[in-house]
Each structure stands twice: as C-alpha cells, then as structure tokens.
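With the hints in hand, could you dock these two chains into one complex?
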Amino acid sequence: MTELLLQGLCITYGRRAAKGAAAVNDLDLQVPAGQLVSLLGPSGCGKTTTMRAVAGLLAPQAGRIVLGGEDITRTPAHRRDIGLVFQSYALFPHLSAFDNVAFGLRLRKVADAELRRRVDEALASVNLAELGARLPAQLSGGQQQRVALARAMVIRPRLLLLDEPLSNLDAALRLEMRAEVRRLQRSLGTTMLYVTHDQEEALALSDRIVVMRAGRIEQHAAPAELYERPATPFVAAFMGHENLFEWRDGHLHGPKGAVPLPLDGLAAARDGRFTHLAWRPTQVPVLAAAGDVDGAAAGADAAACALPGRVLARSYLGDAVQYLVDTTIGPVKGCGGPQSAWQEDDAVRVWLDPARAARLDGGRA
Amino acid sequence: MNRIAWPALAMLMLALVFLLGPFVVVFVAGFSGDETLAFPPRSWGWRWMAHVFTVEAFQRSFATSLVVGVGSTLAALALGVPVAYALARHRLPGQEVVRTVLTLPLVVPGIIVGLALLNHMVLVHDLPVRASLLVGHTALLLPYAVRVVSASLANLRPDIDDAAVTLGATRAQAFFKVVLPNIRGGIAAAAVLAFITSFNQVPVSLFLTGPGVSTLPIEMMAYMETSYDPSIAALSTILVVFTIAVVAATERLLGISRYV
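In order, the protein sequence lines correspond to chains U and E. Numbering of the first sequence is given in our numbering, commencing with residue 1 and proceeding in unit increments. Numbering of the second sequence is given in our numbering, commencing with residue 1001 and proceeding in unit increments.
Derived by calculation from the structure, the hints in this document are not laboratory data. Mixed in with the good hints there might be a few duds.
Pair by pair, the computed Cβ-Cβ distance ranges are [to be verified]:
1) U:Leu135 - E:Ser1257: 19 to 27 Å
2) U:Ser315 - E:Leu1092: 47 to 55 Å
3) E:Leu1019 - U:Glu121: 57 to 65 Å
4) E:Gly1094 - U:Val66: 33 to 41 Å
5) E:Ala1008 - U:Glu130: 47 to 55 Å
6) E:Val1098 - U:Glu114: 44 to 52 Å
7) U:Ala23 - E:Gly1210: 56 to 64 Å
Even glycine gets a Cβ: it sits at the ideal position worked out from N, Cα and C.
So that you can see chain E by itself, here it is in the shape it has in the complex (with noise of 0.2 Å):
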C-alpha cells in the first residue's frame, strides 16, 4: 500500500462536504415533522412528503414540467442528433463556427436567452406559454445533444459507413443500419441528460411562463415566497432521488457516463 496522502484526502473531504452539505440539510428537512422550516428538525415524519402531492399548483406545474421536459428532449434529439452526425462525417466550410454556435448556450447565461426568446419570438407572434417553453427549452437542450451525441459518434470509426455503402446501402440505410444501432448508449445519455436540465431549468423557464402555467421549479419559488413551511424541502428530496434513481438506471444500463 502507498502512504495515504492525508492533505490530498483533507482537500477531497472539503469538497465532499461542500457539494453535498446542502444535500444533505435538505434531505433531513424534508422528514421535518414540524410545522415551519428548520433545521435540525424538532420532529418527524412523512406528513410533507405527502402533503406535496395535494398541492394543486404543484401538480399542474409538474405535469407542465414533465411534457416540456419530454417534448423539448425529443426535439432537441431530432435537431442534434443529425447535426452531431453531419459534423462528424463532412468537411464544412465554417465548420468550427457552427460548432462554437451550437455549444454557445452552454457559456450564454440563461436569462439572455430567455429573454431573448420572451421579446422577440414570445411577445412578438403571441405564442402560447406551453409552445414557447417548449421552444425555449429546446433551444437550451440542442447544445447538450449536439455534445454529447458528437462524443459518441467520435468513437465510431467513420469507415463504418463507407463499408455499409459498398456493401450496398444508401446514405440513409449506413445511417439507421449502422451508426444509429451504434451510438444508442450516447443518445440515450443525451435524452436524459437533457430531460434532467429541462426539468431542473430556471431561468429560460422564468421569463416564458405566463399566467396559469409554470414550471414545477418556478412554482416552488413562488411557493417560498409565500409560505416557509418544510414541503419545498419534501419536494426537493423527492426531486432529488428521483433524479439520481433515473442517472443510476440508465447507467447501470448503458453506461452513460462514458459520453457526458
């Protein structure tokens, strides 16, 4: 065995506790027992946890939630995942601009492009507020799919679909036959990749919702605003093992990680 490197371990434990403290406070605030927030808790029990579930806001606001994530997630793949592929396979002029283009999101804060969305496609064509966090959405996740599908296009020989076309296929049969079958695991990373960012997206999500429609994240901050009560703590417990039960899942299946 090597000399355990204690600095190294102390620095290693720091970031634990830093990334994970908060979790960790909101996961035992959120088995409070206790009628408003506080930690630790003076009792507990299971009655947040249920009572977020007859919220009627938070119902309506997580089905909202669960269709834009789905919709923006199945566009965003239908967009990215031809653009992933035709920047993989073909020599394009400008070709590193559109790829900076495509991950510009990524480093562009969200609240520019949600307001860019809300003042001049929003206001501008009156679209409905479901319509347009699907857009806006959508315009968010492209980046990650683009990414994340190119990662795994990357380690597919381009080759592969030459031979398929000697063989006898089209384009488009070397492309469903051969390199779909092949980089099921990244697309699969990629959806729920962006499902989880759709789900969990504040700020595009802030300027186009609208009355009567929200987000499940935007309902519970304005849940805070008016009452200081553990359910956005049971809520956000609840989020939060449904999140990583659905990474760990698709891991475990396919092995994500090799792609994000």
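Isolated chain U, as found in the complex (with noise of 0.2 Å):
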C-alpha cells in the first residue's frame, strides 16, 4: 500500500513539443494508499502528461513526485516500480501472452518455478489462463488488454497508473473491463491513477475524482459529490450541467436577457460564493403554459422560476421526452415525461427549480 503525493508539479513544452502533449502547471495531487483516482478531463488537459511524469517517460520542470514517502522525482523510470497500461495495449508483438506478462518478471531474475507459477497466476486473475501460448495478434482487443493489465500487476508494482485503458474497446466489453479493473483493484489493493475522458467510467471506478482542465486541477472531489456539486462551470458542464446561467442581483442572466430568480432563503443556507446556477436537462421538469407548478411546491416563489418558452426541438429518449425551450433568458434544456407530446413551436414552461440547482464558483472560468 503506497501512498502518491505530487507537489508543485509543472511539466513545460517548448519547440519541441510533441502532438497533443499539454503543459501541466503547479499541480499538487494525493493518491491515498490502496485508493483509486481518476484523472478526469478532456483531451489536451494534462493528464496523460502527468501521468507519464509519474512514470518516469517525461521529466517535470519543477515539483516533486513522492511514492510511499521516497522522493523518485529523479529516479530513472525503469526503477521505480510502477506498472503502467497503455490506451494501446503496447503488447509486445513478438512474445506470446506468458511472455509478455513474465517480462518484467524476467528483468527482475525471477526464478523460473516462482516465474511460471506468478505468470500463470496472473493471467488466470484476468480469466487467461488458456491462452498464455497466443500471440497478441491471434487475442482480441479486450483480451489484450487483460494481457496488459496481468503484465503490469504481476511485477506487484507500487502503483499502477492506467491510460484510458477501456477507450479502445466496445460499449459492452468497457463495461465488463470496469468491473474487472475494480475488482482487481479491490483484492490487490494497489494504488491506481486512472486517466479517462469518459465521466461516467471515473464515475463508476473512482475513489476519488480530479478533474483536470489547461493543466491545472478544477475540482477534486469524491464521485457522489463530483456530480451532484460540480465547484465550477467547467465541471458542471463536463459532468452533463447542460444549463448553466449567471446569477447576479437576484437575477438569472442568460445569453439573451435576465430574469428575476429569488433565491434569499437558499443562498442563506448554504456557505461560499458562487456566480452561477446549473441544471441538467433532467431536473428541468417542462410544463404546460398554464397551470399550477406542482401539487406540493406550488407556490409564489416557485412560480416565478416557472419560465414561459417555445419548443424549439424535441427528443424521445424513451423514458423521458427531452425538450430545447426557447425562453426570455435564452434556450433551456429539459424533461417532460414519456407520455408528454408538445411538438415544435408550442407554449410550455421550464422550471428552474432553485433547490434543484448546483452553485458554481465561476472565479476561474
């Protein structure tokens, strides 16, 4: 169990950059022994470049990177003992699946029993063990990547990192791959940094998620919280905070004008600044054009969120009908059920529930 700590890490490119490679700006990170976090963001946000510092493939301009309290900053990466996934597999293609998972094994001068008996345990952990003779050629792209995942756990690294390691696979094999990577993670016990695009996969494996925007760190928050209290626009829009509008003099401002939104009784109960209101579509209950807001709520201040709009598009996704509502602020996403049947250009409302809102602090945006 080994605990990461990044302090002040700044990673700079100059001429020499390489494709797609992003600048990482005084990052400070912890990785809690035996947890697992994700690095979450979108392309050209730094987490792959932070991640391949912490392997050792590129050296930071500044900052320390701390294993389990040794400082390995300097230390040459093939020491450091961290196993490392790759979106790509990087299977080696001229060694079976046995010799690629007993390759570190082999540069570690296993002994051959223990090395047969470790190789064969690993890939048996990864539902392998029949097809330790294949070429990675003759495995499919989910068996592959069991391969990778055996080869890295079975030199028993300190932490293992792992490079969007599911983006190259199927909808149902990700899926299955997630709750092996989980399961795996859960009966090791192994640090793991995990890089990913994909919200609803940090979401679904994370301890903990950091959620990475221009090489700096936007939130850092456990999954539940993440999702429910995205800490700024950004966040809220990459966690699926489709409407996102300025709050301001007790008004919500948005692209094409500002309504009234009161808001005392809330912004009372809850502590810190916040500049903004987000919803997703789903909690953007559209109502008809008239009549009460609903049976419970229904009151004034309810009432005055209650926008009046037009429908601007519609679409069925089964177990609800989302709509784009043209309003006096500007277009609003919401829900109406699945019998709801407003076509284009009919009056309904949307309801800005205030309760219903994530407050962001758009300081940063």
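Given below as structure tokens:
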C-alpha cells in the first residue's frame, strides 16, 4: 500500500512539443494508499502528461513526485516499480501472452519455477489461463487489454497507472472490463491512478476524481460530490449540466436576457460564494403553459421560476422526452414525461427550480 | 466476372514487354554457342556460361564486389538502424532536414557522389581502393537502410518501448529485447536491398575503382570494350538468376516487400 504525492508539478513544452501533449501547471495531488483516483478531463488537459511524469517517461521542470514517502522525481523510469497500462495495450508483438506477462519478471531475474507460477496466476486472475501461448495478434482487443493488465500487475507495482485503458474497446466489453479493474483493485489493494475522458467511467470506478483543465486541477472530489455539486462551470458542463446561467443581483442572466430569481432563503442556507447556477436537463421539468407548477411545491416563489417559452426541438429518449425550449433568457434544455407530446413551436414553461440547481463559482472560468 | 478492360490489359502487356524485353534478349543470348554475340543465336550451348568462371578478371572483381557489398551493407545497417530509430522515436530540431539529407543520395546522381568522394576523400587522404569503395558504397546504401528500417519501425507503436521501460528495462534493453526482434524483417529487407544495390553499382564505383582492383559490373564494362563474345550475356544471365533467387528466398522467408 503506497501513497502517491505530487507537489507543485510543472511540465512545460518548448518548441519540441510532442503532438497533443499539454503543459501541467503547479499541480498538487494526493492519491491515498490503496485508492483509485481518476484524472478526468478533455484531451489536452494534461492528464496523460501528468501520468507520464509519474511513470518517469518525461521529466517535470519543477515539483516533486513522492511515492510511499520516497522522492522519485529523479529516479529513472525503469527503477520506479510503477506499472502502466496503455490505451493501445502496447503488448510486445513478438512475444506470446505468457512471455509478455513474464517480461518484467525476467528482467528482475525471478527464478524459473516462481516465474511460471506468478505468470500463470496473473493470467488466471484476468481469466486468460488458457491463452498464454497465443501471440497478441491472435487475441481480441479485450483479451489484449487483459494481458496488458496482467503484465503490469505481475511485477507487484507500488502504483498502477492506467491511461484510458478501456477507450479502444466496444461498449459492452468496456463495462465488463470496468468491473474487472475495480475487482482487481479491491482484491489487490494496489494504489491506482486512472486517466480517462469518460465521466461515466470515472464515476463508476473511482474513490476520488480529479477534474483537470488546461494543466490545472478544476475540482478534486468524491464521485457523488462531483456529480451533485460541481464546483465550477467547467466541471458542471463536463458532468452534464447543460443549463448554465450566471446568477447576479437576484437575477438569472442568460445569453438573451435576465429574469428575477428569488434565492434568499437558499443563499443563506449554504455558505460559500457562487456566481452561477446549473441544471441537468433531467432536473428541469417542462410544464404546460398554464396551471400549477407542482402540487406540493406550488407557491409564489416556485411559480416565479417557471419560465414561459416555445419548444425548439424535441427528442424522445424512451423514459423521458427531452425538449429544447426558447425562453426569455435563452435556450433551456428540460425533460417531460414519456407521455408528454408537445411539438415544435408549442408554448410551454420550464421550471428552473433553484433548490435543484448546482451552485458554481465561476471565478476561474 | 467483370468485363475485361482490353485497353488496360494492352497497356499492361506493353509495359511488361518494355520492362522484360531486354532481359529476354540477354537471357537467350547467354545460352549462345556462337563465337560472337548475336540475337537470336545460331547455335546453343553452355560454353560461355562455363567460360565466365575461368576468366580471372571476373573472379577477382566478383570477390571484390562480394567483399564491398557485404561490408558496405553491414556498415550501412550499423549506421542506419540507430538513425532510423532516432528519427522514429524522437522529435529533434530540424528533423525534416535530417530526414531529407539522409535520403538525398536517392535523388543526387551517383556520378556526383563518386566524383565528390574521389576528389575530397580518396585523393586527399590517399585511401586504398577497397576502402574507398567501402566508404562510397556505405554512403550510397545508408539512405536505403534508413528508409526501409524506418518503414518497418513505423509499423511498431512507440508505446512498446515505454511499456518495456515501465516493466524495468533500460532504454538499451528495451531496444534490444523489444524493438529489434520486431524489426528483424525490415532489417533483412534493408540488407538484401542494400547488397543488391551495391553489387549492381556502376556510377560511384566507376570513380573509385583503380588499377588492379575493380568491381564486377565495372570489369564487365571493361571486358565489353575489347571483346564481343557472348560471355557478358552469360554472366548477366547468371547474375539475374542469382538476384531473383536471393530476393525470392527472402521474400518467402520474411515477406520483405512489405517494407520496400
């Protein structure tokens, strides 16, 4: 069980910038021992760059990388004992699955009998016991990724890095492998740093999630907290809050205009400063043009939050119908029940309930 | 079945005749039994085939060609493999310039390479003929080696070096244990191509051969100036068959056409 600490990590590229590589700016991060922490962000946010620095494949300009209390910032990559699972699997094409997994053990001069036992064990742990003799080219994508996982785990790394390991797999396999990674992580207790751009994957796998943007940490939180209370407009948008509006002087400001939105009681209830409110489409009920807002919540305040508008587009999602509604402050995405049947140009109301909104600090945006 | 495209087929045939016609003439003439070169021959036989093996000038120049070919091929690979690897794995300032320079002899006439080597190296440093041939051919073969090895490296994801390193290999171990085994086919292809190129080389050799030491193609040209018997045709036939056999064998074993 090993803890990873990054302190003030800075990685910049000059003219020699590798394609798609992002800079990392003064990054502090703690991955507690035995936990799985995800680096989540769009491409170019610096998540892969950070991971490669931890692996020792590129050198940071400033900052420290501390693994299990030992400063490894200047330790050569091949002496770090950090496993890395690549997006492309990066299996050695000329070696069988068995020999791929054995590669790290052979370099460590592990005796033959023990090597055989550990490799067989590792292959069995990813359900590939039967396929050790196959070459990578004779394995499916999912099987190749399992070999890559076994190869990285068999050396008993102090830390396992996973670089978008599932993004080359098809959807069903991705779910299966996701469970597999989680199971391995739980049973072995290995500290893991997981890089992904898929928020759903990060939510499903992680103990904690670090959302990165342009080389900095945008938010570092547990999955539920990140989902329920995104800290910034960027995180909100990334986590699917498609309705994002500035809140200032008691008004909600959209691209087209502003409406008064009373928020007194709620604002006092929660401290911390915020500048934006955000709703997922599923948090915005679409209502008929006239009538009560909601049996229980009906009241003057609530009614004030129901903005009239016209349907711009409708899409049937099976368990709901999503509407894009043009309101006085701008377009709003909301949801109606599966039976709702408003068509384009129908007059409706969208209920922007402040109680359901995420409050964001756009100071950094 | 599709309708056969007759005009296209005719063009293809024409191209084949154009390409292989001279071979057929030389090949047939190689089996001549006549005193002088003529096509078609009036009589047939193996006498000129046998004869070429007894000409001492051919024996000596064949040995020179063999030594120069093998030597310059090995030298070009020893230089070319690391160069190709560096170009494939690292972003270097001026990389494209380096790449272009390394493929230059493909566009610069061999005559210029030969003349430059003669004027500025062989004459200045008083290099022995065999050594200067070796240097000249190595310079000529290097771009082929870089090219072909680069092509085979392009099929190999750079990630696998990094994977080896994270598993505990040094960069050198990663190269020898992971990269090299995967580009063996490309290196073999480069070797065959380089050797054949050296073996058939005329322009560079023309400048660098000197008294008493010559390569086989230069000796054949010299022979033709004085004799007009079918032995050159016979020797050419032997060389063509030899070359085709080498290429076919390596293609069969390693599939070299993927890289060239």
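So, going through the hints one by one against the coordinates:
1. U:Leu135 - E:Ser1257: 19 to 27 Å: holds (22 Å)
2. U:Ser315 - E:Leu1092: 47 to 55 Å: For U:Ser315 and E:Leu1092 the Cβ distance comes to about 51 Å; the hint holds.
3. E:Leu1019 - U:Glu121: 57 to 65 Å: Given about 60 Å between the Cβ atoms, the range holds.
4. E:Gly1094 - U:Val66: 33 to 41 Å: Since the Cβ atoms of E:Gly1094 and U:Val66 sit about 38 Å apart, the hinted range of 33 to 41 Å holds.
5. E:Ala1008 - U:Glu130: 47 to 55 Å: Holds: the Cβ-Cβ distance is about 51 Å, inside 47 to 55 Å.
6. E:Val1098 - U:Glu114: 44 to 52 Å: Hint holds: Cβ distance 46 Å, inside 44 to 52 Å.
7. U:Ala23 - E:Gly1210: 56 to 64 Å: holds (59 Å)
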